[in-house]
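Asker: Residue strings, one per chain:
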Amino acid sequence: MELFLEQLVNGLTVGSVYSLVALGYTMVYGVMRLINFAHGELFMLGSYFGFTLLVSTNIGALGAGWGLIVIVLMAAGAMALLGILVERVAYAPLRESGRLAPVVSALGVSIFLQNAAMLIWGSRYRAYPVWAALDRRWQVGGVHITLMQVIILGVSIVLMLLLYFIIQRTTLGAAIRATAIDQDTARLMGIDVNAIIRFIFIIGPALGAVAGVMVGLYYRQIHFTMGWTYSLKAFTAAIMGGIGNIPGAMVGGMLLGILEMLGAGYISAAWKDVFVFIILIALLILRPTGLLGERVAEKV
Amino acid sequence: MSYGRIEALRQVSLHVHEGEIVALLGANGAGKTTTLRAISGLIKPQQGDILFDGSSLLASPAHRIVGQGIAQCPEGRRVFPTLTVEENLRLGAYLHRKDKEWVQEGQGKVWELFPRLHERRFQLAGTLSGGEQQMLAIARALMARPRLLLLDEPSLGLAPLLVQEIFRTIRAINAQGVTILLVEQNARLALKIAHRAYVLATGRVAVSGDAADLANDEKLRKAYLGAAPACS
Chain C
4 MELFLEQLVN
14 GLTVGSVYSL
24 VALGYTMVYG
34 VMRLINFAHG
44 ELFMLGSYFG
54 FTLLVSTNIG
64 ALGAGWGLIV
74 IVLMAAGAMA
84 LLGILVERVA
94 YAPLRESGRL
104 APVVSALGVS
114 IFLQNAAMLI
124 WGSRYRAYPV
134 WAALDRRWQV
144 GGVHITLMQV
154 IILGVSIVLM
164 LLLYFIIQRT
174 TLGAAIRATA
184 IDQDTARLMG
194 IDVNAIIRFI
204 FIIGPALGAV
214 AGVMVGLYYR
224 QIHFTMGWTY
234 SLKAFTAAIM
244 GGIGNIPGAM
254 VGGMLLGILE
264 MLGAGYISAA
274 WKDVFVFIIL
284 IALLILRPTG
294 LLGERVAEKV
Chain H
127 MSYGRIEALR
137 QVSLHVHEGE
147 IVALLGANGA
157 GKTTTLRAIS
167 GLIKPQQGDI
177 LFDGSSLLAS
187 PAHRIVGQGI
197 AQCPEGRRVF
207 PTLTVEENLR
217 LGAYLHRKDK
227 EWVQEGQGKV
237 WELFPRLHER
247 RFQLAGTLSG
257 GEQQMLAIAR
267 ALMARPRLLL
277 LDEPSLGLAP
287 LLVQEIFRTI
297 RAINAQGVTI
307 LLVEQNARLA
317 LKIAHRAYVL
327 ATGRVAVSGD
337 AADLANDEKL
347 RKAYLGAAPA
357 CS
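As they're listed, the protein sequences go chains C and H. For the working numbering, add 3 to where a residue sits in the first sequence, where the first one is 1. For the working numbering, add 126 to where a residue sits in the second sequence, where the first one is 1.
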């Protein structure tokens, strides 16, 4: 039972990271029908950007509380800018060229950014500087919980609730959903589809950057290929929840994290990635529309 | 004008005067929908011009043209099925989203015109019947308070009684001062409410004139409109 609870906590922690990254995939897919393979690289760059801020500036001296807030906000802002730039340079010119060209372009951006990160920060693992205050841990009913786990879970849940509110309750959110259903009709309403796409490319990478910084602080080391690993899992999470479905990505990420950690705890830690991809393959075969089911018919 | 790489319209010249209902008729593939899509800016003609109030619309992207007073209710209704009725309507007034009163007032007018939509305002648009969806699509276009309303096949797939109701509503909307350009396959009904009409055939204006005259022209009916029964 203790092992179960322990792995549940670990699973929720990584799961909320998968959820944050999966949201970027699923929002872009929902609006543009594009798998944005560069998204994982923005997550990785967000992590490295936070690393550089911690190593080369005095922000770390602000202490764990304010320091974390400042670093997360700056990384999110920087990746939002980079997200807009990637969209403008790599996707906007291909808007009328069918669906394959932007996917190839996305792969190109991914390779470019990954190599850029390798050239800037080197190909070895980098140790993430961590405030000592984050080392706090508690024991609740025999289960160890660290402060960083609480932060990751708390920040992720707050951000996801906020996003859910924007998408479901505001006129901007309705415009995003409308654009995802039918771009031409959205234009007839006066919705600037390009502005919606830009908005998506601000929110997705910003959430990814927050996840990237938190992953660095949690595992304490980062590598320039981490974007690839995490994005494959986040992508699996997005498919699990039904790609294009925002609450689906949130639930899918959490579920994937828990399954992965239970597999690691009960079967073998070395095989945990195998479980994830067995789940992906099984899903694609058995329920390709995702666990939260198909979205209601798009055209009537 | 060409649509993709296939030329769909050639030398289509039509005028709509303020306060009119103008019907745009013709068989499938004659270029009616293409004409409306060009006016709304969803496609841009390769040649020619589209003027509204004397100034060209060609430079404006589709999402700006609504703001100039032209709203379109597209073919096949195209309501957003996973959004509620109210959300659909709010998007109709998207350009005025900051002005809550303006939107509320517009909604009030829509409820008057379509009381049934008010009953269903929290329902998802996809769960409405075909007739209700058509009403919603028209109502959504009205939320922008257009001066020119483009209606694309509002009778499509509706039962005869509903078609009558929709056409009565169109007349009522026109009576409130909204100019209407109506694309229809149901020529008999369209000519009944329109002031003037144009008949398109293979991308060109074949005939134009007063609706009443065209309605009585047997030869024309046979040649371009098909001698179809009134409601189908």
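Hint data in this document are derived by calculation from the structure and do not stem from the laboratory. In this text, all values refer to a predicted model and were calculated from it rather than measured experimentally. Each residue gets a CB set at the ideal place from its N, CA and C atoms; glycine is no exception. Take the hints with a grain of salt, since some may be wrong.
What the hints assert, rightly or not - Below, a sample of chain C positions facing chain H; criterion: calculated Cβ distance under 7 Å:
(1) L166
(2) I170
(3) T174
(4) G176
(5) D185
(6) T188
(7) R190
(8) L191
(9) I194
(10) D195
(11) P250
(12) A273
(13) D276
Asker: Would you mind marking each hint as holding or not holding in the structure?
Answerer: Against the structure, the hints come out as follows:
no., hint, in the structure
1, L166, "17 Å, violated"
2, I170, "11 Å, violated"
3, T174, "5 Å, holds"
4, G176, "9 Å, violated"
5, D185, "6 Å, holds"
6, T188, "4 Å, holds"
7, R190, "4 Å, holds"
8, L191, "5 Å, holds"
9, I194, "6 Å, holds"
10, D195, "5 Å, holds"
11, P250, "13 Å, violated"
12, A273, "43 Å, violated"
13, D276, "35 Å, violated"
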